[in-house]
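Chains A and B, in that order, are what the protein sequence lines are.
Note that our numbering numbers the first sequence so that position 38 is 70, with each residue one more than the last.
Note that our numbering numbers the second sequence so that position 110 is 101, with each residue one more than the last.
It should be emphasised that the hints constitute simulated quantities derived from the structure, not laboratory data.
For every residue, glycine included, the Cβ atom is placed at its ideal position computed from N, Cα and C.
Errors might be hidden in some of the hints.
Said to hold, decoys possible - Cβ-to-Cβ under 7 Å is the rule here; a few derived chain B residues that face chain A:
no. : residue
1   : 90
2   : 197
3   : 252
4   : 253
5   : 254
6   : 265
7   : 338
8   : 340
9   : 372
Said to hold, decoys possible - Distance windows between CB atoms, simulated:
no. : chain 1 : residue 1 : chain 2 : residue 2 : range
10  : A       : 74        : B       : 267       : 47 to 53 Å
11  : B       : 333       : A       : 71        : 28 to 34 Å
12  : A       : 118       : B       : 264       : 29 to 35 Å
What the hints assert, rightly or not - Stretches of chain B that chain A covers, calculated by requiring three or more beta carbons in the stretch to come under 8 Å of a beta carbon on chain A:
no. : segment
13  : 36 to 48
14  : 101 to 110
15  : 329 to 336
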Amino acid sequence: MALYSEDIQRIAHLARIEITADEVVDVRTKLDSIFDLIERMRAVDTNGIVPMSHAQEVTLPLREDVVTETNRRELYQSVAPAVQDGLYLVPKVIE
Amino acid sequence: MVTAPIAELAHALASKRLSSVELTTALLDRIDALNPRLNAFLARDRKRALGEAKAADARLAAGNATPLTGIPVAHKDVLMTAGWKTTCGSRMLENFVAPYSAFVVERLAEAGMVLVGKTNMDEFAMGSSSETSYFGPVKNPWNVDYVPGGSSGGSSAAVAARLVPAATGTDTGGSIRQPAALSGVCGLKPTYGVCSRYGLIAFASSLDTPGPLAQTAEDCALLLNAMAGHDPRDSTSLDRPREDYARLLRAPGGTKPLAGLRIGMPKEYFGDGIDADVAAAVGAALAEFRKLGATTIEVTLPNVDLSVPVYYVIAPAEASSNLARFDGVRYGHRAAKHDDLSDMYKKTRAEGFGAEVKRRILVGTYVLSHGYYDAYYLKAQQVRRLIADGFQRAYGQCDLILGPTAPTAAFKLGAKTADPVQMYLNDIFTVAGNLTGAPAISIPCGFDRNGLPIGLQLQGNYFAEGLILNAAHRFQQATDWHRREPAAIALETAR
């Protein structure tokens, strides 16, 4: 499999990572070699094999429907890049 | 004395020959002297550590101490530690102070361990050499031109240099065992679900496993006793009866303490691509296990050669999802210059993440993207099942599986940074343990021609930690590889 520069830019957009024109060739070359490694796996016959999504065959536990978390907004917001009046600030999204 | 294993230190503390304040002070001085050469620690806090040591001494005096009370420890910087900077080795979290602590951090604190600092690591635990850290590479104490392994390389180097008797690590594809091997210490990856992942900054959630690094298997057992346990805050934490992982170690040994133990040797682990010195050291270890009474049997692990390709689909896929949270809004780095919200995300992540983290997010994003899910992620999960089934068949014939932890001893700094695939192949013997979720340990078993340590891996079936630790302990009672200390560091200390 060979990726094109457009593929890289498409994936980078999905991942919300800016990749400059200078970087794209190096990224593409390294991703190509990683996908060459991955490709070896695709030759195995896995017809009818149940996917293994987890190491243990356990079902997700349920808990009582009660409040367990206390309000720690100030503590959590103390590490935020920008807050005001208890709200996280982001660049304007609506004109 | 202060560089002794936990079991010996605990004895000295209990008999009042040594206080935790004395021990902690001595090790903090040692860290001050040696860390500039190793870069193993990212953060230290002398005042806080001495406060905890004082409290530990009081607890020892009051007679309600545990075997870990007063023993200094360091935590890998991927583990949230309340009030401490927790950076994950990343610019993204350069100034992030954890608002709460990870489960394993809490448990070791409750046991009375003294936290001296946070250890350096590959950025977001992605790497096998501890070179991808934003804060510079960790150096191997046996030779500072070489890597210590990774991603828990700060922890392994700190234990190897005897800066701390114990450190925590996390293992997603070998990140406890491989650095333990390359640094010449012991590292245990428990069964997935035995140690809660609460507060472990997630890389690949179905694979991430916290565990201990220490000088001996016995110390790993003591640490696991405190680190294991059910935690409702991690939905994958297992609710099992409490287990004493050191129980078998206390049984009388005799000349054949491992009589009846069947050790499997997978032919896949002894083929091409293994360094001759590594093969010789592992072969000699095998002979030692036979002397201790174990029998050996050849086994086969079908598809285990596909573990690395499978891992490089599953781990990046999960990472791309987990690391989506680093967007410059709630915590961490935010790009100073940006246009709109989307541009803020993109520039923040471009600046905050290093090259290897970005690569893995991109690979993961691709394999999960529309039209590719079945061909990659689903396929990888199916091959993961085939690999796990192969291990189950092998465990029908043997109790433990023995082999090298890594194909070579440590390599030079910079030797593999230009080629990610070469770096990935370092984990060829360790990733399967993460895919299956079963436990494994790496212990020192020799040195290569450059005087660098070689690691031996013992893998076992689910919940076989006790068996693994006992086999490793009996080997260590009969050998002294684990007692060797880096000469360069010893000289430095004497100066």
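Here is what the structure says about each hint:
no.	hint	result
1	90	5 Å, holds
2	197	6 Å, holds
3	252	24 Å, violated
4	253	24 Å, violated
5	254	23 Å, violated
6	265	19 Å, violated
7	338	5 Å, holds
8	340	5 Å, holds
9	372	3 Å, holds
10	A/74 <-> B/267: 47 to 53 Å	33 Å, violated
11	B/333 <-> A/71: 28 to 34 Å	33 Å, holds
12	A/118 <-> B/264: 29 to 35 Å	57 Å, violated
13	36 to 48	violated (count 0)
14	101 to 110	violated (count 0)
15	329 to 336	holds (count 8)
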